[in-house]
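A.B. asks: Going down the list, the sequences are from chains A and B.
Take 2 as the starting number for the first sequence in our numbering and just add one per residue.
Take 863 as the starting number for the second sequence in our numbering and just add one per residue.
Hints were generated in silico from the structure; no laboratory data involved.
Just so you know, not all the hints are guaranteed correct.
Unchecked claim - The calculated lysine to any residue pairs, modelled on SDA-like cross-linking and capped at a C-alpha distance of 25 Å, are: (1) Lys1137/B - Asp264/A; (2) Lys883/B - Gln910/B; (3) Lys942/B - Asp264/A; (4) Lys218/A - Gly1173/B; (5) Lys218/A - Glu1249/B; (6) Lys1180/B - Asp211/A; (7) Lys218/A - Ser1240/B.
The residues making up each chain are set out below.
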Amino acid sequence: MQFHLTPEQVSIQDAVRGTLADNWPMERLHQFADNDQDFDPQSWNALMELGLAGVLVPDSGMGLVEAALICEVAGEAAASGPLIAQLLTVGAVAASDNEDAKAFLEGLTAGTTVATLAIDSEFVQAASSAALFLARDEAGGLRLIEAGEGVTIEPVASTDRSRPVAKVSFGAVKSHVLFPAGHPMVDRIRDAALVLIAADALGGAQHCTDVSVGYAKERVQFDQPIGRFQGLKHQLAHMALDVEPARAFVWYAAYAWDAGLEDAPRAAAMAKAHLSEVYTRSTRAAIAAHGGIGYTWEYGLNYWFRRSVANRAWLGSPAEQRQRAAELAGW
Amino acid sequence: MDLSYGEDAERFRGEVRSFLKEAWQPGGARGAELAELIRAFRRRATDQGYLYRAIPRQYGGSQQPVDVVRAQVIREEFSKARAPMEVGGNGMSMLVPTLLERGTDEQKDLFLRKTIEGDYVWGQGYSEPGSGSDLASVRTRAELSPDGSKWIINGQKIWTSQGGYATHMFMLVRTEPDAPKHDGITYLLLDLNQPGVTRRPIRQMTGEGGRNTFYEFFFDNAETPVSLQVGERGKGWYVSRTTLKHERATIGSADGLGRQFSKLVELAQEMGRSKDPIVRDRLAQIEGAVMAHRYTSFRLFSCNAAGEDPGPVQLMMKLLLTETGHEIALLAQELIGEAGLTEPAGAGSGQTNMARGPNKWLDQIMGSLGNSIAGGASNIQRNIIGERGLGLPRDLALSAEK
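Looking at chain A on its own, in the form it has when it is part of the complex:
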């Protein structure tokens, strides 16, 4: 029995965290948020140089648990780039039999070929920078669509400034079928996406809690650090109570997917619903705990708030996921 992180898993998180600390500090996030780019090559390349994009390759010795641990840290840092899509696309292409698609595998695994997700939504991250789109076709199969001809990208003012989206539609495109409609991998990739969004939310909610606790120890009012006052202390305790027990829930959803457990699809839906709620509550609570400074653009909490808005809506809101979970449970 092993249901806590191994030293290897901890070191994966440490490596990602260190890389993002060096390459994605708040100044960079501020700069990125105010320019018109939808992709930041420098931090992306640094992340990809860790060689972790292949965690979902079937014989990598890793799996969705490790992918979730990576996405959790990306969520903490509000990292830029379509990381969730990249990991899923590498996994989907590696598991597919399509040799044409497999030609992309080397570039995808190295991170030099960028993939993004275009499933169940016209809003797509890093749309103008991605070479490949992982999409569902009209029949319900999973396809890899090549950027360029037949792909229409309409810029929008993105709420999430860390992972800006554009509106994407597909016409006569060049594409490769990874899995036909009805193949179990089609749903499995969607389930994995739900777990990774939940993991990103977990990291974001943890960040909000950590920043709020740190601020409550430093900020002085009435001659006391405000964290001494029970009103705030109890709010912070509730933030931690929301986030920390949810961590093992995300682990379980990822583990169930890796192990192919029967309840994996439902665990993914439940984790996405629960963590989206936790993230929403945490960002709101963090701004409330900070007072005025939290409401400024400059302090930066808004990036996590905005990211929580995106995560919540992405691939189905919490209420929609709960509805699915209720059906899957046969209630």
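Got chain A sorted already, so can you dock chain B onto it with the hints?
C.D. replies: Just chain B now, kept in the frame of chain A:
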């Protein structure tokens, strides 16, 4: 991540299973006959090394090396076979670990075996009408008799579980009224069957009263020999902090919440409400917290088995459990509707082994309130999470204390 227990544990499970199949056959036994059967079974199970694993053989235990996975397998198999586990109550969970660590040889000889065999039932003498969350403010006094051989006790204790049939009490009393409050307390053991002790049941908001409820105790020159003082005089506060570390982590407590949630789903179905989208949504919301609690208990168990510190999350489990219990209560109240206008059969008797309708949920609806008070009130839990877990500065009123 791997949730299987491993080959060794599964082999061991086979052994436990065959033992139970042969050794636990209660048949139709009732009353005194059943009690005798249980007693004999516990002895055999202890000889096998399945029960009382933390307790040395000389005191009636099985003295096994720490192995949380085996301990969990034992709990699972005993529960499946409906076989009796160890004697429960505060004696086992609180006094026994304290005596093992801090008791004298005489105290261990006198009490350990009789406690684990269920002959002695212990009441906890901590809370007082004026000392709840601020436990170190206890005012029940103990003074030495003129010859120095006995403690003479005066005062009142309250909220004692099993108080109706407790034979003994472990208690915190003030022995040094002039010392700082944490340093003026002594930990004593007391025979409750003596003229200086009066006990009275407390009727709870559920209506429950009688022998199975909480009791309060009045001490009017009650006596106990000085030899039944545990640890040094004036150090009782620190003695009371001793807790059971041996194989403490269990996955069972989370299953309790999971079982309660499954019953809530059944209630929604019974009441014809399970297709109502609002009810389905609230059920799934609650289940999110139930799952977080369940998988965190796996995490704690796994850390414990590996001898690693799981960190602050362990401080959160009680509050998460009680908060989720409130959510369950609120939805249950919605679901039972008018059935809640009448009290369930056996209300207030503590007897629930009879046919009961949906209004049986009133027990949980009211009982969930008790959970946010007993064993550390929720606001105290919030302080513990904030101060010990997140490292926030102590409350001003408390920061003067150590």
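A.B. asks: For each hint, tell me whether it holds in the structure or not.
C.D. replies: Hints, one by one, checked against the model:
Among the hinted pairs, Lys1137/B with Asp264/A is consistent with the structure: their alpha-carbon atoms are about 21 Å apart, no more than 25 Å. About 14 Å separates the Cα atoms of Lys883/B and Gln910/B, which keeps this hinted pair within 25 Å; it holds. Distance restraint check for Lys942/B and Asp264/A: the Cα-Cα separation of roughly 23 Å lies within the 25 Å cut-off, and the hinted pair is therefore satisfied. Our distance criterion of 25 Å between C-alpha atoms is met by Lys218/A and Gly1173/B, whose separation comes to about 20 Å.
As the CA atoms of Lys218/A and Glu1249/B are separated by approximately 11 Å, the hinted pair is consistent with the 25 Å bound. Simply put, Lys1180/B and Asp211/A have alpha-carbon atoms about 22 Å apart, close enough for the 25 Å limit, and the pair holds. At roughly 23 Å between alpha-carbon atoms, Lys218/A and Ser1240/B fall within 25 Å of each other, so this suggested pair holds.
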